[in-house]
Amino acid sequence: MLKPMDIHNLEFKRVFKGYDPEEVDDFLADIVVKYEAVYQENRKLRQELEELRKKEESQGSREQDVLDLLAMTKQAVQEMKTMANREADNVISVAQSEAERIISEARLKAQQILADAEERLQKTQRLERQLRERIRLTMETVWNSLTAEDGEATRPYKEIASVSAGQEEEAP
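Just add 138 to the spot in the sequence shown (first one is 1) and you have my numbering.
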């Protein structure tokens, strides 16, 4: 690019019947001043343009940083959701296992209680049969003693038996 100093230092050859050197010098001086202003304006605009490009790059970088941060945030949220779902599944699994264990223990205890109750029932029934058998044997012994004809010891029993038998006959 042509600089103002280049114009200022420019010298033309002098020829016969050429332009008036003083007019040319004045014109060139005027051009140098105007060109200097245009040149400085151009330089200033180029600097501003460069600054704007840098700002744009910086903003583009910031925009990319924001987009990267947004992507990282989305990924973190997704990971937290995944972890929360896993944790919920684990809690549910543990709760189900615990519930199954409690139910199993309750069933086992119920079976033990039922078995104990059946065993007690059988013992009670066996005891009842034994008591009935003893009572029957005792009654038989007493009856045999009462019905025996051989002795004074059985007389009171016979009297009681006959009184009892008489009462049974009188009862309608």
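FYI, nobody ran anything at the bench for these hints, they're computed from the structure.
Each hint should be verified, as a subset may be incorrect.
Claimed, not checked - Within a straight-line C-alpha distance of at most 20 Å, the following computed SDA-like cross-link-like pairs (lysine to any residue) qualify:
1) K172 <-> I145
2) K172 <-> K212
3) K141 <-> I169
4) K141 <-> L166
5) K247 <-> S231
6) K261 <-> R245
7) K182 <-> E236
8) K141 <-> K192
9) K212 <-> E194
Said to hold, decoys possible - If you anchor each label on the Cβ, the simulated ranges turn out as follows:
10) D203 <-> A175: 51 to 57 Å
11) D206 <-> R181: 43 to 49 Å
12) D227 <-> Q263: 37 to 43 Å
13) E161 <-> E201: 55 to 61 Å
Model, not experiment: these values are computed from the prediction.
All C-beta atoms, glycine included, are put in the ideal place defined by N, C-alpha and C.
Structure-based check of each hint:
1. K172 <-> I145: Within the cut-off at roughly 11 Å; holds.
2. K172 <-> K212: violated, 59 Å
3. K141 <-> I169: holds, 12 Å
4. K141 <-> L166: Given pair K141, L166 holds - Cα atoms ~13 Å apart, limit 20 Å.
5. K247 <-> S231: violated, 24 Å
6. K261 <-> R245: Status violated; Cα separation ~24 Å.
7. K182 <-> E236: violated, 79 Å
8. K141 <-> K192: violated, 26 Å
9. K212 <-> E194: violated, 26 Å
10. D203 <-> A175: 51 to 57 Å: For A175 against D203, whose Cβ atoms are near 41 Å apart, the range 51 to 57 Å is violated.
11. D206 <-> R181: 43 to 49 Å: violated, 37 Å
12. D227 <-> Q263: 37 to 43 Å: Since D227 and Q263 have Cβ atoms about 53 Å apart, the given range 37 to 43 Å is violated.
13. E161 <-> E201: 55 to 61 Å: Once the Cβ atoms are compared, 58 Å apart, the range 55 to 61 Å for E201 and E161 holds.
Of the numbered hints stated above, those contradicted by the structure are hints 2, 5, 6, 7, 8, 9, 10, 11, 12, listed in ascending order.
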